[in-house]
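Using UniProt numbering, read the sequence shown as starting at 1 and increasing by one per residue.
FYI, nobody ran anything at the bench for these hints, they're computed from the structure. It is possible that part of the hints are untrue.
Using 16 angstroms as the maximum straight-line C-alpha spacing, the simulated EDC-like pairs for lysine to aspartate or glutamate come out as follows [stated by the list, open to error]:
1. LYS50 / ASP115
2. LYS143 / GLU64
3. LYS143 / ASP5
4. LYS52 / GLU120
5. LYS50 / GLU120
Being a predicted model, the structure only gives us computed values, none of them experimental.
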Amino acid sequence: LFPPDSPYTVTPQYLKAGTTKSVDFIVVFEVALGALPVFFIGLKSPYALKYKSTRQEADDQMRERMGDLTGNYIHPQRIVRSVFSTQLCFYRQDVNDPLSLTPPTIPRTLTYVNDTAPSERWDCDLLDADGEQRLRGVVEEIKAACEGLELPR
1 LFPPDSPYTV
11 TPQYLKAGTT
21 KSVDFIVVFE
31 VALGALPVFF
41 IGLKSPYALK
51 YKSTRQEADD
61 QMRERMGDLT
71 GNYIHPQRIV
81 RSVFSTQLCF
91 YRQDVNDPLS
101 LTPPTIPRTL
111 TYVNDTAPSE
121 RWDCDLLDAD
131 GEQRLRGVVE
141 EIKAACEGLE
151 LPR
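Turn these sequences into a full structure, and let the hints steer you where they fit.
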């Protein structure tokens, strides 16, 4: 997707163990064009998808990552991925509209346990031809948006 001879750099970012920010993460990869991030993908172990709590933590972490990108993003859409094994959930936000973040937040209730990050959100299977095409399409969208951009020095 981002070959070594391309202008993009893929860097693993290991989160500090023992914090809620590192719960069950295998690794987070950042893809940057120059010094500016254009894409993040957070990988978790496959078993975690079946638990509400780990999906909620993954959802919270991806939303937090989106917030961290504010002001440091050159693509018109902030795009990050949460991955449990081969299952992807796409997060997207227009940089000019902070209310455009998808998938939408499902607020926690105080009176009962609700599912704030349904497993159906991880609906893109990388082992499926459609899932692979969906991911490749997003990567091509990112590359097209970055073409011809003047990078800060």
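So, going through the hints one by one against the coordinates:
A hinted pair counts as satisfied when its Cα atoms are at most 16 angstroms apart, and LYS50 with ASP115 qualifies at roughly 12 angstroms. Restraint check for LYS143 and GLU64: the C-alpha separation of about 24 angstroms exceeds 16 angstroms, so the hint is violated. The suggested pairing of LYS143 with ASP5 holds, with an alpha-carbon distance near 14 angstroms, which does not exceed 16 angstroms. For the hint linking LYS52 to GLU120, the alpha-carbon distance of about 12 angstroms falls within 16 angstroms, and the restraint holds.
Proposed proximity of LYS50 and GLU120 is supported: the alpha carbons are some 11 angstroms apart, at most 16 angstroms.
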